[in-house]
Amino acid sequence: MKEATLGYTDRDRASLAMTVALVSFAMLFASLFLTYAVYRVRSAMWPPMGFDKIPLTLPSISSAFILLSSFSFIRFQRRYEKKATNKTYYYLTLILALGFLFTQNQLWNYLNETGVFVESGTFASILHSFTWIHAGHVVLGMLALIFCLPALRKNKKDYSIRISNVGKFWHFLGIIWIFMYIGIFLF
Amino acid sequence: MTYVHPIHDAPKTFLSKYIISFDHKVIGKQFLWYGIFFLGIGGMMALMIRWTLAYPGEAFPVLGNLLFPHTNGVVPPDTYAMLFTLHGTIMIFYAITPILIGAFGNYCIPLMIGARDMAFPMLNMLSFWINFVAGGLLLASLFTPYGGAAGGWTSYPTLSTLIGSPGVGQTLWCLSIFVLGASSTMGAINYVTTVISFRAPGMGYFDMPLTVWGLWLTAILNAIFLPVLGAGCMLLVFDRVFGTHFFLAGAAATQGTGDPVLFQHVFWIFGHPEVYILILPAWGMVSDFLSFFSRKPAFGAKSTALAMTTITILSTVVYGHHMFTTQMSPLLTQTFMTLTMTISIPSAIFFANWLGTIWRGSIRFDSPMLFSLGVVFVFGLGGLTGLYLGTVSTDLYLHDTYFVVGHFHYTMAASVLLGGFAATYFWFPKMFGRLMNETLAKIHFWGTMVGLNGIFFGMMVLGYAGMHRRLYNPFVYEFMQKMIPLNTFVTISALVMGVFQLVFVYNFIHSMLKGEKASDNPWEVGTLEWTIPSPAPHYNFKEIPVVKCGPHEFGNPNLNNGRDFQYQTEELVKA
Ligand SMILES: [Cu+2]
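If you read the sequences in order, they're chains A and B. Numbering of the first sequence is given in the numbering used here, commencing with residue 1 and proceeding in unit increments. Numbering of the second sequence is given in the numbering used here, commencing with residue 1 and proceeding in unit increments.
Simulated from the structure, these hints should not be mistaken for laboratory data. The C-beta atom is built at its ideal place from N, Cα and C for all residues, glycine as well. Warning: the hint list may mix true and false statements.
Straight-line Cα separation of at most 30 Å, DSS-like style, residue types lysine-lysine; simulated pairs [stated by the list, open to error]:
| id | chain 1 | residue 1 | chain 2 | residue 2 |
| --- | --- | --- | --- | --- |
| 1 | A | Lys154 | A | Lys53 |
| 2 | B | Lys442 | B | Lys517 |
| 3 | B | Lys442 | B | Lys12 |
| 4 | A | Lys157 | B | Lys574 |
| 5 | B | Lys29 | A | Lys157 |
| 6 | B | Lys514 | A | Lys157 |
| 7 | B | Lys514 | B | Lys29 |
| 8 | B | Lys12 | B | Lys514 |
| 9 | A | Lys82 | A | Lys154 |
Simulated coverage check for chain B against chain A, where a stretch passes if three residues somewhere in it have a Cβ under 8 Å from a Cβ of chain A [stated by the list, open to error]:
| id | region |
| --- | --- |
| 10 | 192 to 199 |
| 11 | 218 to 230 |
| 12 | 236 to 243 |
| 13 | 257 to 263 |
Heads up, incomplete: computed chain B residues facing chain A, CB under 7 Å, no partners named [claimed, not checked]:
| id | residue |
| --- | --- |
| 14 | Ala119 |
| 15 | Phe246 |
| 16 | Val266 |
| 17 | Thr335 |
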């Protein structure tokens, strides 16, 4: 039979595993979008009677925060790979992530103040629960970011695999948010 | 640079050796014990259900008075609903999944592909303990004020919303399934990565034993479709806890209407692949065992692997056949019916391959082979009866009858259970270094086989006669009163089958402690796990093997080393 040696490195393995994990997460969110699509297509008007469209200000700020944090993380990763340890971009990523969570919280407050409670029908249910589920994953993502903290220390160990995987997860969450922004808030 | 796990020192403390172990073999055994424990609970629940159907209004023997004192030992109606719900949930998610995927997936994959461990041992350990938490949540639900979930294992709304089942039981059910999903996904990540990247040098995909193929495809399906169920469960929890309106329709929802049927879609998008998640490992193992014990190369091994892959892909687009009675548009039902029928083609291919493998083989009727032949029989029956349910016209009559119950038990319970037993008897020597008693194994096989066919064939006949599933006392309806004797027959078969499982438990424990010492290769099989000592040392392979031939090289007339098989590490002798 074939005399091939399988030349998989640790990096290959890590990115393979991350790919499978992201497929799983993507399927979770895809199911949510499917639910949304079904309600949206079925209803005669959207938002349903008695509701207004949600103003775009808060969701747009959220989008800006999460996108900028992704860019900041890319910066951090590039510098790290060039061995130029840079704390600024790392902390900037975290701060922007906190900013995202803060604006999400503002959004929930706004919804509740304007009478769009979680129990007031499918429209409200979707707005609340989908943003909750996403925010829950953002919290997971932030824990993953904190998991990269040892990379800031000046030591010999190489954390580039970890950083690249955490980065993939973080960008994934950004992309999901953009989908939600366009699908749920913009249209 | 290719990385292989270094050889670690053997763990010393009890905790690191048996509890928080990173060793895939120990984790596999943990899953095995865990699964067998739940198999016992689920089996007990099945007996209570059966007792109620055969002897309605009579006290369940021995345990009845202990469990249901206020009804003098009779299973009460609400408990009956809880029993069939949790029987299904436990058997599927907490017995079959841990045994076939958790135990044998963990145990076999690294050994059969020549690796020292899984790609991520830590993730593997977490996967087991998170599974353990999920099991705890489910068992805890039994002790809540209104008892455990009672909306059926499918948990359809409105049965599973607060209207249908008040109390925390159903919420805990959803959470436990969600946590279990996380655990299984972690396992799947590990399996997929391990199979792709840790195969021994020289082992192409088609040099992998078909067992590994089955487990690998299962892991892929798991990673893709468990999150769908997870999303459904999460939304159901939101409905129950936060008052959202995803699955509440009509008067229950004040503004905007949710849709109970949507849950069915989400559930079956996951649910149909789940059928294959459960059966694929068993298929893979049986394909291997038939070849091993016929002392013949697996007939069309490559096409078997490809047929399994095709089924895996097709299984993602047929889920609608579970919902023909939900007023789906005829265009859709016809589409789903046609797609479902297409699955017959790859199924027929690998079924023919199985028969081709045993055709004119010099068959050794050891216990793993007996159980594998059992799988061939019961899966044939289960698969063929599936055609009646995949066809719209017949399904409209058979839907929600005991025919369905009989059918899916033939495919999921009977086939998977027999496959699991075959695997247990086959790998027991490698796991524990001792042989199981063959005579007891054969008694166990025939007892199980007779009991199981009595149960499930009886069920199909009952269903064909029109008996509905999930009824507490069907005999209040006049036309079903004639079915009491047949129901009694099914129940007695179930009791027989239950009794013969005790033979297995005795054999398992006795052989583990006092069984005959096993040689390194008691079955004379050439796959990689049989090249190392029994029980497998904690590092598996002292040196990573180099694979030179396929897993089914038997009966080559040019072999002149006194064996009728080749190890995968040996250069292929030309036939
Ligand atoms: Cu199906």
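Evaluation of the provided hints:
Between the alpha carbons of A:Lys154 and A:Lys53 the distance comes to roughly 50 Å, so the proposed pair goes past 30 Å and is violated. A C-alpha spacing of about 19 Å is found between B:Lys442 and B:Lys517, which places the hinted pair at or below 30 Å, so the restraint holds. Taken as a hint, the B:Lys442 and B:Lys12 pair is broken in the structure, with Cα atoms around 38 Å apart against an allowance of 30 Å. Taking the CA atoms of A:Lys157 and B:Lys574, the gap is near 50 Å; set against the 30 Å cutoff, the hint is violated.
For a cut-off of 30 Å, the pair hint linking B:Lys29 to A:Lys157 is broken: about 35 Å separates their Cα positions. The straight-line distance between the Cα atoms of B:Lys514 and A:Lys157 is roughly 49 Å, outside the 30 Å bound, and the hint therefore fails. The straight-line distance between the Cα atoms of B:Lys514 and B:Lys29 is roughly 18 Å, inside the 30 Å bound, and the hint therefore holds. Of the pairs offered as hints, the one joining B:Lys12 and B:Lys514 holds, with about 24 Å between alpha carbons and a cut-off of 30 Å not exceeded.
Restraint check for A:Lys82 and A:Lys154: satisfied, since their Cα atoms lie roughly 14 Å apart, inside the 30 Å limit. With 6 residues having a Cβ less than 8 Å from any Cβ of chain A, the region 192 to 199 of chain B passes the three-residue criterion, so the hint holds. Given a C-beta distance limit of less than 8 Å, the hint that chain A covers the region 218 to 230 of chain B holds, as 7 residues qualify and 3 suffice. Only residues whose beta carbon comes within less than 8 Å of a beta carbon in chain A count, and the region 236 to 243 of chain B has 3; three or more means the coverage holds.
Beta-carbon proximity to chain A at under 8 Å applies to 4 residues in the region 257 to 263 of chain B; the threshold of 3 is reached and the given coverage holds. Among the interface hints, the one on B:Ala119 holds; its C-beta lies about 6 Å from the nearest C-beta in chain A, closer than the 7 Å criterion. Because the closest C-beta pair between B:Phe246 and chain A is about 6 Å apart, less than 7 Å, the hint holds. Against a cut-off of 7 Å between C-beta atoms, the interface hint on B:Val266 holds, since the closest Cβ of chain A lies about 6 Å away.
Taking 7 Å as the C-beta contact cut-off toward chain A, the hint placing B:Thr335 at the interface is violated, the least distance being around 18 Å.
Taken one by one, the earlier hints fail for this structure at numbers 1, 3, 4, 5, 6, 17, listed in ascending order.
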